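Using the sequences provided together with the hints, build the complete structure.
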Amino acid sequence: MVYSIRGFDLAALDVEVEPIAATPASRGRLVFWLAVAWIAIVASAAIAADWLPLTSPTDMDLLARRAGPSADHWLGADALGRDLLSRLVFGARISLSVGLIAPVLGLIVGGGLGMLAGYFRGRFETLVVGGIDVLLAFPPLVLALAITTYLGQSVLNITITLGILSIPALTRVARAATLTFAEREFVTAARALGAGHGRILMRELLPNIALPLIAFFLLAVAVIIVVEGALSFLGLGIPPPAPSWGGMIAEGRDSLDAAPAIAFLPAGAMFLTVLAFNMVGDRLRALTDPRQGVL
Amino acid sequence: MLGFVGRRLLYLAPVLIAVSLLTFLIAALLPGDLVVATLGDEATPDKVSALRHEMGLDQPLMLQYLHWLGGALAGDFGRSVRTGELVLSAILQRLPVTLELMLFAQLIALAIGMPLGILCAVRNGGAFDRLVSAIAFGKLSVPAFMSAIVLIYVFSVRLKVLPATGYVPLDEDIVGNLRSFVLPAVTLGFGEWPVLMRVLRSDMIATLQEDYIAMAKAKGLKPWRILLVHALKPSSLTLVTVTGINIGRLIGGAVLVETIFALPGIGRLLIGAINTRDFVVLQGVVLFIATGFVLVNFVVDMLYGLLDPRIRLGRA
Amino acid sequence: MTDPPLLAVEQLSVDLPTPRGRLRAVDEVDLRLEAGCSLGVVGESGSGKTMLSRAILQLAPRHARLGGRVLFDGQELTTLAAEALRRLRGRSIAVVFQDPMTSLNPVLTIGRQIVETLREHLAIDAAAAKRRAVELLVEVGIPAPEQQLRQYPHQLSGGMRQRVAIAIALSCEPRLLIADEPTTALDVTIQAQILDLLARERQRRNMAMILITHDVGIVAGRTDEVAVMYAGRIVERAPTGRLFKAMRMPYTEALLAAIPKLDAPPHTPLPAISGRPPDPTRRLPGCAFAPRCCYRAARCEEHKPSLTPIEGTGHEYACWHPIGPRV
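Residue numbers (my numbering), protein chains in the order written: chain F, 1 to 295; chain S, 296 to 611; chain E, 612 to 938.
Honestly, the hints are just simulated from the structure, not real lab data.
As the structure is a prediction and not an experimental result, all values here were calculated from the model.
Just so it is clear, CB atoms sit at the ideal spot from N, CA and C, and this is done for glycine as well.
Hints are supplied without guarantee of correctness; some may be wrong.
What the hints assert, rightly or not - Label-pair distances were calculated between CB atoms; the ranges are:
no., chain 1, residue 1, chain 2, residue 2, range
1, F, R199, S, M597, 38 to 48 angstroms
2, S, R474, F, D50, 41 to 51 angstroms
3, S, N570, F, P53, 32 to 42 angstroms
4, F, A79, S, M597, 48 to 58 angstroms
5, E, R633, S, G421, 35 to 45 angstroms
6, S, K528, E, P628, 30 to 40 angstroms
7, S, N570, F, E185, 50 to 60 angstroms
8, S, L356, F, T126, 18 to 28 angstroms
9, F, A49, S, G365, 21 to 31 angstroms
10, S, L398, E, R633, 45 to 55 angstroms
11, S, M597, E, T713, 20 to 30 angstroms
12, F, P207, S, K528, 41 to 51 angstroms
13, S, L457, F, P53, 13 to 23 angstroms
14, F, F124, E, L670, 47 to 57 angstroms
Below, the structure written as structure tokens:
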């Protein structure tokens with residue numbers, strides 16, 4: 001069990017209480033690589049968006065409102081005549097940037113704090129764990145909403161806020177992983193050889209906890225994409241007219257009767273991307289600890 | 296037992312204080328001038344300083360915090376800057392709706408998760424088990440707003456059997472009330488069943504290997520009785536705990552769902568406060584939600600001790 | 612000899628698939644038990660005796676392969692429908708497991724665990740079942756039975772828990788009781804009490820009993836017949852008195868010798884049997900005990916001895932070099 005019942009240790013964000021196996025081992029490999037492929041496709045499209053032959057995502061073609069697929073608009077157009085494919089791709093750019101950069105903040109701050117807490121123990125550790133509990137006392141969406149309200153809506157602010165949200169989970173993982181390794185012989189050996197704390201942390205511990213941290217990082221990416229999507233869906237995330245998947249889904253809601261694709265295309269894209277990150281992250285997590293992961 | 300409760304209470308107090316501090320600080324320390332933003336177009340220097348004084352914003356931060364906290368403990372969360380309504384009464388008025396939503400959502404999650412968990416544990420490793428596990432994993436990647444859209448499309452737009460928005464109070468029309476909760480509760484509950492199912496399945500698999508299950512079979516008891524009485528009860532401890540923890544997650548999810556389906560609950564209040572830049576309400580609601588979150592988890596911790604007679608009555 | 616025995620086990624074998632190969636836990640075991648008689652099954656841990664008891668009840672693990680037949684009261688259990696088997700268990704055949712701490716459900720009161728068995732098999736109402744449960748607790752020697760009904764297993768001592776387990780087993784007046792190492796998990800001082808309780812109840816109810824144990828001293832004087840198991844097979848079987856006086860199989864002799872004796876001088880070294888039970892996934896061509904037997908010869912390692920009866924005595928043994936009768 002990843003979570004514990006003492007005190008207020010809770011699964012942070014929506015990171016899973018107990019890992020769910022993606023698929024049985026045999027078919028798992030194919031699906032794993034499919035997930036990686038999808039991420040690669042979306043990422044490349046997002047990066048290369050400017051150079052792809054796409055119409056501008058904000059151009060309104062009033063003649064093509066809610067139109068289905070056509071030569072001009074490969075996937076159709078939304079309620080304001082904007083090209084769906086291009087909005088999907090540019091939306092991917094926003095969602096992926098936020099989704100990847102925010103957890104990096106969490107990784108650096110949370111991972112660092114967790115590693116130090118697990119290494120030095122004592123009062124520092126209690127402080128860190130207590131701080132995490134306080135952060136976790138807020139339902140994540142509520143916290144995100146509160147912070148962005150005061151900070152104001154912009155891509156940067158959203159990224160910072162979501163980064164802060166991802167700190168608790170990554171701190172937990174880093175601390176837990178450090179705790180298991182800090183007692184091992186190679187650390188004691190390094191210390192006996194006169195290595196200072198810094199050396200031990202960077203050279204001995206960090207490489208060992210890197211893998212579980214990366215696994216959780218990927219899972220955090222999945223969660224962040226979802227939370228950003230939720231914020232944008234509520235209109236409190238990425239400000240329009242910049243396209244984001246969450247915002248597109250919200251816009252598509254009004255056209256559900258006439259053109260459901262407007263909502264379902266971004267929903268599908270988000271689902272597949274989040275699923276892909278979940279799968280890759282879970283597979284990596286299974287590698288780090290044979291007990292968890294594939295059951 | 297008392298020592299158990301006492302220790303937990305001791306830990307609770309500092310967490311609550313820290314929560315209130317953080318809530319306050321979010322408002323106080325972030326850039327942007329509350330007063331100017333509140334007054335908007337009417338911001339003249341006189342009005343600004345008057346309002347600032349009235350809201351106590353010209354006092355030292357610590358004093359402001361204590362003043363606010365003192366008020367909150369006495370039940371005074373301040374008044375809405377927009378409507379002048381007491382924040383606390385606004386919260387309490389909308390609380391029943393949110394609670395009803397959370398209750399239904401939890402019931403739905405349990406209604407789906409428990410049977411599936413039991414079935415998968417019994418047929419551990421089989422095709423059904425793998426299928427359900429795959430679905431549960433996939434469901435994790437479907438956030439609430441996505442399932443909401445799908446459900447609305449299927450049941451409101453296509454089949455036209457359920458309302459997409461709108462709330463009917465309980466005392467007006469029970470059936471209408473229940474109907475207005477179906478889609479929101481299903482949306483919210485759908486997000487939670489994978490966790491519940493997984494936890495129960497895992498515990499059941501372990502329990503089913505215990506000697507007392509073999510003994511129950513040797514006694515010739517009916518299979519359903521063995522499952523539901525002998526196996527379920529010991530396995531349900533973790534389930535209860537997770538259900539309790541889930542209540543916290545449900546609070547967060549309720550915010551989103553209420554907005555999508557236009558239910559007048561606390562979540563709507565929060566979003567509304569954000570949209571109208573009503574900071575007093577925002578602070579009050581966030582504090583209320585966070586405190587509730589912490590208290591619920593505290594109760595769950597207590598419940599765990601209560602449910603396991605070995606813990607309750609002394610050493611195992 | 613015209614009445615069919617209460618229990619007849621014919622060539623029963625249990626195979627378990629393991630990653631290291633097929634494991635033969637029980638190897639072509641034959642047993643006969645008349646109504647009201649008692650049989651002791653003695654063997655080291657790993658000899659297959661627990662698997663034997665589970666197999667008789669058709670409660671072997673899901674992936675186990677069973678061979679042979681089990682006949683109870685003329686009915687063949689191996690082909691019996693699940694529902695009929697269920698009605699038989701607890702009612703006509705009852706079991707007492709080894710460790711009452713794990714065989715009793717920790718989250719249910721003992722009253723509930725007794726009552727549910729009664730109500731499952733007998734058509735009585737809750738009040739009558741409760742009264743019967745109290746009577747049963749009195750019969751097995753538990754003081755203040757009304758209060759004990761509301762207790763949870765962990766609140767009782769080990770000996771009391773086993774008495775409760777026995778009460779559950781006896782509750783529906785079974786014709787056959789299988790006691791699988793009923794005293795192993797208990798203090799030595801309690802062991803005798805439990806065994807006496809079992810013997811007394813057996814007499815009273817004229818119940819057949821199979822007493823499974825690794826301690827050959829336990830079966831002396833308490834069973835009519837003894838079967839010795841080694842590596843999944845029965846290697847010697849005889850009426851109890853005869854076994855102790857005239858054993859043939861070296862393994863049986865070694866088992867007896869390993870029991871500490873009261874009249875031996877202090878610090879007498881205990882003649883433990885050297886070596887360990889064989890790896891059940893690797894079937895040796897010869898006698899399974901040969902590697903540890905001090906009398907072994909070439910023949911023992913090449914050919915597996917089968918059970919040979921001694922005429923007119925009900926005594927069988929499987930050995931190429933049986934030891935002579937004791938004086």
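Here is how each hint holds up against the structure:
no., hint, verdict
1, R199/F <-> M597/S: 38 to 48 angstroms, "46 angstroms, holds"
2, R474/S <-> D50/F: 41 to 51 angstroms, "49 angstroms, holds"
3, N570/S <-> P53/F: 32 to 42 angstroms, "39 angstroms, holds"
4, A79/F <-> M597/S: 48 to 58 angstroms, "51 angstroms, holds"
5, R633/E <-> G421/S: 35 to 45 angstroms, "23 angstroms, violated"
6, K528/S <-> P628/E: 30 to 40 angstroms, "32 angstroms, holds"
7, N570/S <-> E185/F: 50 to 60 angstroms, "58 angstroms, holds"
8, L356/S <-> T126/F: 18 to 28 angstroms, "26 angstroms, holds"
9, A49/F <-> G365/S: 21 to 31 angstroms, "53 angstroms, violated"
10, L398/S <-> R633/E: 45 to 55 angstroms, "54 angstroms, holds"
11, M597/S <-> T713/E: 20 to 30 angstroms, "28 angstroms, holds"
12, P207/F <-> K528/S: 41 to 51 angstroms, "45 angstroms, holds"
13, L457/S <-> P53/F: 13 to 23 angstroms, "43 angstroms, violated"
14, F124/F <-> L670/E: 47 to 57 angstroms, "55 angstroms, holds"
Violated hints for the displayed structure, listed by number in ascending order: 5, 9, 13.
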